[in-house]
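Protein chains: 2
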Amino acid sequence: MSRSVAGPEIERLIQLMARLPGLGPRSARRAALHLIKKRETLLGPLSDAMRVAAERVVVCRSCGNVDTSDPCTICTDAKRDPSLIVVVEDVSDLWALERSGAVPGRYHVLGGVLSPLDGVRPEHLNIEGLVSRASEPGVGEIILALNATVDGQTTAHYVTERLSHLPLKITRLAHGVPVGGELDYLDEGTLSAAIRSRTAF
Amino acid sequence: MSRSVAGPEIERLIQLMARLPGLGPRSARRAALHLIKKRETLLGPLSDAMRVAAERVVVCRSCGNVDTSDPCTICTDAKRDPSLIVVVEDVSDLWALERSGAVPGRYHVLGGVLSPLDGVRPEHLNIEGLVSRASEPGVGEIILALNATVDGQTTAHYVTERLSHLPLKITRLAHGVPVGGELDYLDEGTLSAAIRSRTAF
Ligand SMILES: [Zn+2]
Ligand SMILES: [Zn+2]
Numbered sequence: 001m002s003r004s005v006a007g008p009e010i011e012r013l014i015q016l017m018a019r020l021p022g023l024g025p026r027s028a029r030r031a032a033l034h035l036i037k038k039r040e041t042l043l044g045p046l047s048d049a050m051r052v053a054a055e056r057v058v059v060c061r062s063c064g065n066v067d068t069s070d071p072c073t074i075c076t077d078a079k080r081d082p083s084l085i086v087v088v089e090d091v092s093d094l095w096a097l098e099r100s101g102a103v104p105g106r107y108h109v110l111g112g113v114l115s116p117l118d119g120v121r122p123e124h125l126n127i128e129g130l131v132s133r134a135s136e137p138g139v140g141e142i143i144l145a146l147n148a149t150v151d152g153q154t155t156a157h158y159v160t161e162r163l164s165h166l167p168l169k170i171t172r173l174a175h176g177v178p179v180g181g182e183l184d185y186l187d188e189g190t191l192s193a194a195i196r197s198r199t200a201f
Numbered sequence: 001m002s003r004s005v006a007g008p009e010i011e012r013l014i015q016l017m018a019r020l021p022g023l024g025p026r027s028a029r030r031a032a033l034h035l036i037k038k039r040e041t042l043l044g045p046l047s048d049a050m051r052v053a054a055e056r057v058v059v060c061r062s063c064g065n066v067d068t069s070d071p072c073t074i075c076t077d078a079k080r081d082p083s084l085i086v087v088v089e090d091v092s093d094l095w096a097l098e099r100s101g102a103v104p105g106r107y108h109v110l111g112g113v114l115s116p117l118d119g120v121r122p123e124h125l126n127i128e129g130l131v132s133r134a135s136e137p138g139v140g141e142i143i144l145a146l147n148a149t150v151d152g153q154t155t156a157h158y159v160t161e162r163l164s165h166l167p168l169k170i171t172r173l174a175h176g177v178p179v180g181g182e183l184d185y186l187d188e189g190t191l192s193a194a195i196r197s198r199t200a201f
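In the order they appear, the protein sequences are chains A and B.
Going by full-length UniProt numbering, the first residue of the first sequence is number 1, and it counts up by one from there.
Going by full-length UniProt numbering, the first residue of the second sequence is number 1, and it counts up by one from there.
Hints are supplied without guarantee of correctness; some may be wrong.
Which copy is meant is left open, so a pair is good if it fits within one copy or across any two.
Stated by the list, open to error - As a list, the in silico SDA-like pairs of lysine to any residue whose alpha-carbon atoms are at most 25 Å apart:
(1) Lys169 <-> Asp151
(2) Lys37 <-> Asp81
(3) Lys37 <-> Ser92
(4) Lys38 <-> Gln15
What the hints contain is simulated information worked out from the structure, not anything from laboratory work.
Using the sequences plus the hints, can you model the full thing?
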């Protein structure tokens with residue numbers, strides 16, 4: 001039913017826009033038309049910003065954050081507490097926690113959670129890197145800031161097991177996080193409270 | 001509350017994404033992160049597609065459609081009925097009607113509707129261009145395919161008045177269009193039926 005009604009250049013733009021999360025075919029068409037109408041003020045600048053991001057954004061080999069430097073700005077921030085590492089599933093969770101301003105330390109992005117159903121096993125996540133970082137002298141606490149889902153909590157248990165030989169305090173977020181909820185959708189206040197009230201794991 | 005948590009290159013990408021219709025700040029962050037993760041398969045190609053669109057898409061000086069040629073592909077399509085012009089508010093409505101496959105003729109995009117409250121007056125719309133095209137020999141019918149809103153119908157009356165000196169049949173879409181609804185949200189079947197059952201204006 002989706003006849004090609006614009007030229008191939010516009011159709012390609014629409015098709016690529018439709019692959020963005022949150023945009024279906026219809027909203028992709030609206031977004032593409034909006035871009036074409038705002039050629040000078042939005043389409044050109046957005047194309048440039050994407051080009052810059054495509055060329056310059058790298059993944060931090062230490063923590064898994066995305067930034068234009070490796071190690072990233074957070075890893076190289078001397079004002080951060082070197083004894084604290086907050087383990088998250090995804091960069092979006094790192095961003096959400098940073099917005100809360102409640103993390104004095106650094107992060108470690110696992111890149112997912114264990115999921116037997118989806119075939120995600122420990123070797124698919126950046127767990128070796130976490131064990132390595134957690135083994136460094138001066139690290140005293142690991143906060144497991146994983147989603148309050150079954151897979152998230154399974155992953156938390158697995159990570160705890162993998163770190164059990166180290167003299168670390170391992171904590172998790174307080175149950176201010178709604179059961180079944182995802183970090184990235186929570187407001188800053190809830191995330192702050194959950195960090196403050198973290199409990200021994 | 002929106003602390004800058006990523007580098008300036010990523011923040012700029014997020015801010016520009018947030019200006020797209022249908023994306024708020026949160027979904028813009030998710031979309032930007034999705035793009036960064038799909039650098040090779042989506043971010044690069046989308047940047048290129050936007051660059052191509054920014055450089056090559058033009059507005060057809062005859063009908064107001066957007067395309068990479070002026071006059072546009074529809075205006076230069078020799079298989080189209082030269083006696084019929086379908087007047088629409090926006091290019092999105094042209095696209096919607098083209099998807100229905102029910103228009104054998106060409107289009108004229110007004111670029112909006114008259115709206116005293118929003119200060120949109122006749123000189124802000126491409127009405128002169130329509131009068132000029134409608135005056136050409138061989139044009140026999142003008143279909144007013146405007147939204148079934150108060151402003152859309154006000155505009156239809158105004159356009160009819162401006163064309164009244166010409167020996168034309170002026171029609172409007174049948175009332176298959178829901179009252180108060182907007183063309184771009186209708187399915188192809190409803191639009192086809194509305195074109196087929198068009199009535200004298
Ligand atoms: Zn880092
Ligand atoms: Zn045209």
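| Out of the numbered hints, which ones does the structure contradict? | 2
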